[in-house]
Amino acid sequence: MTSILQPTADGLMLGGVFALSAIGFSLIYGVLHVVNLTHGVTILLGAYLSFSLAEEFGLDPIVAIPIVMAILFVVGYAYQRFLIQRVHGGRSVFPTLLLTFAVALIVKNLLIVHYSSSAKVITPRYAFDSLSLGPVHVDVVRLAALAISLVLLLALTIVLKRTSFGRIMRATAQEEIGARLCGVNVRHVYALTFAISAAFAAAAGTVLGIALPFSPEQEGIWTCYAFIVVVLGGVGSPAGALVGGCLLGLITTFSAAYIGAPFSNALMFLMLVVMLVARPNGIFGDAFKGSR
Amino acid sequence: MTTTRRAVVNGISAAALAAPAALSSRSARAQASSIVIAGSVPLTGGQAGTGRFFNNGYKLAVDRINQMGGVDVGGKKYTFDLKLFDDASDPARARTLIQRQVDDGVRLFLGSYGSNIVLPTVAVVERAGGVMVQAGGGADAIYTQGYKSVFNINPRASLQFISIAKYFGSLTPKIKTLTVITANNSFSKAYSEGAIAACKAAGIDLLEHHQLPEQVTDSSSVLTAIRGNQPDLLLVNVNEQNSMLIARQMIASGTNAKLLEYFALGPQLSDYRKALGRYANGMTCGINWDQNNSFQDKYFGPASNFLDAHRKAFGDDFSWEAAIAATCIIVYAEALTRAGSLDPLALRETLREISIPETLYGAVKFTKDGDGDPNVMGTKVFQVQNGEIAVLIPEDKVKAKINYPIVPWRERS
Chain A
1 MTSILQPTAD GLMLGGVFAL SAIGFSLIYG VLHVVNLTHG VTILLGAYLS
51 FSLAEEFGLD PIVAIPIVMA ILFVVGYAYQ RFLIQRVHGG RSVFPTLLLT
101 FAVALIVKNL LIVHYSSSAK VITPRYAFDS LSLGPVHVDV VRLAALAISL
151 VLLLALTIVL KRTSFGRIMR ATAQEEIGAR LCGVNVRHVY ALTFAISAAF
201 AAAAGTVLGI ALPFSPEQEG IWTCYAFIVV VLGGVGSPAG ALVGGCLLGL
251 ITTFSAAYIG APFSNALMFL MLVVMLVARP NGIFGDAFKG SR
Chain B
1 MTTTRRAVVN GISAAALAAP AALSSRSARA QASSIVIAGS VPLTGGQAGT
51 GRFFNNGYKL AVDRINQMGG VDVGGKKYTF DLKLFDDASD PARARTLIQR
101 QVDDGVRLFL GSYGSNIVLP TVAVVERAGG VMVQAGGGAD AIYTQGYKSV
151 FNINPRASLQ FISIAKYFGS LTPKIKTLTV ITANNSFSKA YSEGAIAACK
201 AAGIDLLEHH QLPEQVTDSS SVLTAIRGNQ PDLLLVNVNE QNSMLIARQM
251 IASGTNAKLL EYFALGPQLS DYRKALGRYA NGMTCGINWD QNNSFQDKYF
301 GPASNFLDAH RKAFGDDFSW EAAIAATCII VYAEALTRAG SLDPLALRET
351 LREISIPETL YGAVKFTKDG DGDPNVMGTK VFQVQNGEIA VLIPEDKVKA
401 KINYPIVPWR ERS
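Going line by line, the protein sequences match chains A and B.
Using our numbering, you'd call the opening residue of the first sequence number 1 and step up by one each time.
Using our numbering, you'd call the opening residue of the second sequence number 1 and step up by one each time.
Don't read these hints as lab results, they were simulated from the structure.
Computed from a prediction, not measured in an experiment: that's the story for all the values here.
Where is the CB? At the ideal position from N, CA and C, for every residue including glycine.
Possibly wrong hints are sitting among the right ones.
Selected chain A positions facing chain B (in silico; Cβ < 10 angstroms) [stated by the list, open to error]:
| id | residue |
| --- | --- |
| 1 | Gln6 |
| 2 | Ile112 |
| 3 | His137 |
| 4 | Ala211 |
Take a look, some chain B residues computed to stay more than 10 angstroms from chain A by CB distance [to be verified]:
| id | residue |
| --- | --- |
| 5 | Leu43 |
| 6 | Ala48 |
| 7 | Arg52 |
| 8 | Tyr147 |
| 9 | Lys166 |
| 10 | Thr177 |
| 11 | Asn229 |
| 12 | Arg248 |
| 13 | Gly254 |
| 14 | Asn292 |
| 15 | Glu334 |
| 16 | Ala346 |
The shape of chain B in the complex, shown without the other chains (with noise of 0.2 angstroms):
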């Protein structure tokens, strides 16, 4: 047999013809044993403070999934494909960002930080037929307009104080009077709103219920209307910049609550406490998460694992918000798995039914609107004792005790 060059040129052509092809298929089985989690979140702009834990938390339990093997989905084993985008903090540019990974066919995505990003996206993925889990985004908005689509680690705002609010009610000397100070954005007015009916259903009135715009350069204002009328509690509900403002100026000024005061953000941040020094001691603050916790998953183990894993992965610098994003990853793939099908529309049945028993976060439970059931997964409280975070409920559970009724600035050591 005979080769002429026309059958070798043939030949390659052919090859070169059916390359392509091949490593197409090949690419296609590659695709098809992964699942692509998309989503943005803020690491530059407002938000990127606490954003860049988010991305952390994400990252990190995907590399943990992915590296035990993956998650198991209808007897077939699939890794997780993150792909998360810096939003900066900007709704439109974050609804964009999640727009163009729909139309390159992505249905499971997960949430920025913030509720003023987080509600347009939930618009785009609700349309889209997908399923968005989340922890970012807290204000009833997300939950009251009927979406389908989007599950919150957290209950929504207005929910987020019930379980603080039983614990003040519960001291002595009883608190009788509250005084709130709020940011003018959606999630800290719904975080008020729902406070100051938590509060009041404890037994504790609203004296005073002061706005700040979101960009705060001064304060003294509302803290000479404070002075002049203390309240047994005061409620400090701004982003953490803010809230460093407002303490500093409080200190400076000799503005004190009577028995406590109580800063939705800020001293869970070690920068927060280190800035106000030993003036930080008595704040109270709520957390979601904390490391000495008796929870643990089968991806991480004690909850104690998953500060470990962080800190190797991205240093010391840690906040618990990197544990709830996590678990956003860690309910995909228990739902997943129970669903046994990758279609987002038996995805949202199932993550509607959920409950799983305990996670790296705890027990998650979502209620019929999405959001996490406040029954089962009610923000805790802690204290800062000694410049660290003291976790004061559920008191069954937890070691430290409250200093309270808390003394003056002037006098914390």
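Bound-form chain A, shown alone (with noise of 0.2 angstroms):
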């Protein structure tokens, strides 16, 4: 029973770590219909941001994620109106797609100019924890990252079903000009998606930091798998990318204890292969027009 159990117990917080990673990266490719090559570099600056925030002034991880994702806001808004808006809006995506990848290059230079390239973990006093659940046993770091995930997944949620801007934003997403013609100011809304999708990129940076060494060089590694559990859960809602993420943890999970850990990514991208096939708009991918 154990070598169910414990598999699935991993792969579950893992996937946890996986959703927030890529639910930014689900509502900016649902709202504005823009492949942001920048997620990966957005999710290493919030982890940075929160290795900064412990090395230099002691700050627990989780306390640090309202700054880290306040700060990304700010920036993720800025992003958006003065570089991303002056590209977007024609018929071709190439000009967002080499805007948002030179961008993520130039980031990730920085990043290895300011902290090197060595790989850095956020080490909280509850880094090295764990509990056992009978026979399972579960990394507290980890536990966190889960519980962490599932609130803000949850908070996401509730604003975009809930409230007046959530409604908005989904409008927007489905009709944009007929959002124009109801007085929605559009590209306040394209900012403010860009601004909560860094905000949640901050978020998961934190737990991925918490959870996983990293390095800048990871930027593209985790572009890819935002990617990939898009694809899996679909496309601009919460449960999409909750169930991609943890679809992704499950599998790379039980193909290391099953079929052998080397073949965890050849797995990972035969799913993605299978479902671009089978179900192109992913098992929740029908919210946004970017899967329509």
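Assembling the complex is the task here: the two chains are given apart, and the hints tell you how they should meet.
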């Protein structure tokens, strides 16, 4: 029984990190139809900010989450208004693709200059603690990562479903011209979408930083994970991100346990291909216009 | 004598034509007194964490040798002209960079860091009739394809664990079983296979061999298996980042080896030891150079001087790879002097036969395949004690004693 329960627990906890890291990517694609290649480096910015707060001020990373979310909320808003907005809106996706690719490279290299390319990890007091639930071992940091992810995804679901801003965002995503005709400031909504996505990426970075070592070079792999999660779960919905993230986590741990760890990436991409062929909109994939 | 306007114009024109030729001639003379050594290093990308120390070591040694007047080759003094480029940890990019240098006429090369990067660049250098002295490519594949141009300051991967296995085999209580965790890349696989063979020869039998992908996000399943079948010795053979992840998950899940843990990479970095805090104490790791060793050479003097020079030039962050990179330059200097020629083929022959009794790094001697002679240049082992590196072998030359058997993670202080 342990052979089933342990990889399930490990997969779900890893899935929480994947889900939170993907939701921002999913929102931006769902609302703006922009493939944001700066997403991975935004996650790492969150991780490094939390790392600096922990190193310089001894701030617990969980306490630091609202601070790094607020900082990257502002950065995300400005990034969309002053850079993305200038190239967004045409028929081609390439201008935003190239712009975000270039910004990701610049930020990655700035991170290397400032923090060096060595791997870092955030080490709170409970970094080495674990719980034993019968035969199943659970790392406290990974459990905390899952809990934070669930809380934040639930909060985002409430914002999207229950608030007027959420309705405006969904309306803009579904029918931009209609939203404009109703008096919605679409540019502001787009910028706020980027801001919210950057804030959630920052939270994901903090969660990532307490659960896994990180380095600037990983920005590409975290964008890639976000892409896989969105393909699995579907665009634009926190539930889709959560299901996609957990699925990715479970694929990783079960393939490691039963087939061999070197094959987990191969299985991950095999699942990606299967989903793209069988259900290209993902499991929950009809929320926003990006998946239509 | 009158000077006509036509004569003045002709004179200026002649001077204008002659000037570039004169400058070119001066430039040629300047180039003739320097020896270009080129190479790529990973300053960005996955290998950059360690790659920058190779960059530092190469630069430090070239600067020092040039400040001391250069090297004597056939009775003439030459300085080194170092041309290093960032290969971004990308084998294809490294290959292109080296090919471009070959096209520019360069024939003497230094190596990058990482066997997957070094291997394709060796092929380019071999075809061009050049030479590469390096320390970042240890995979056996580099030394088993008949290349005549590559020389490694380290033994090949499969032979690096021999000295460590002999030491582990001599410990009391006796280590009887071994479990290995290996990353899925050519160096790690060769290293682990060599380690398993060396341990078997030392009377340590393999219990389990687990493989992980290059990018690890979770090692729980492997650790669960290890808890169920606890080995005397656990050998974790992955890169620094994955090593940190595995160590943290081992601590959190209470996964212990019965007697000793060996991490091939990670504990040599101060950031790594700092991140693990007291839990790092007791970990053992391979090391090829230590500032407290008794070696010295004519360029840096005692080994500790090299560390001081590195700190002065690049700050406090240091790893022993800088010293081994500097040794590549020192070996070039020694070989060029002994060869008395800039001909790369003559230099190859000299390197193949060379035996340098003492450098910053210790004695240097190559096997016929070009890797370091394991009997002369075997890897040492250190243990983290009070957060610092304590070198354990050769036992007659070091002061530190191993804390053995190690206590479980929770009891470490």
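Item to check | Those earlier numbered hints the structure runs against, lowest number first | outcome: 5, 6, 7, 12, 13
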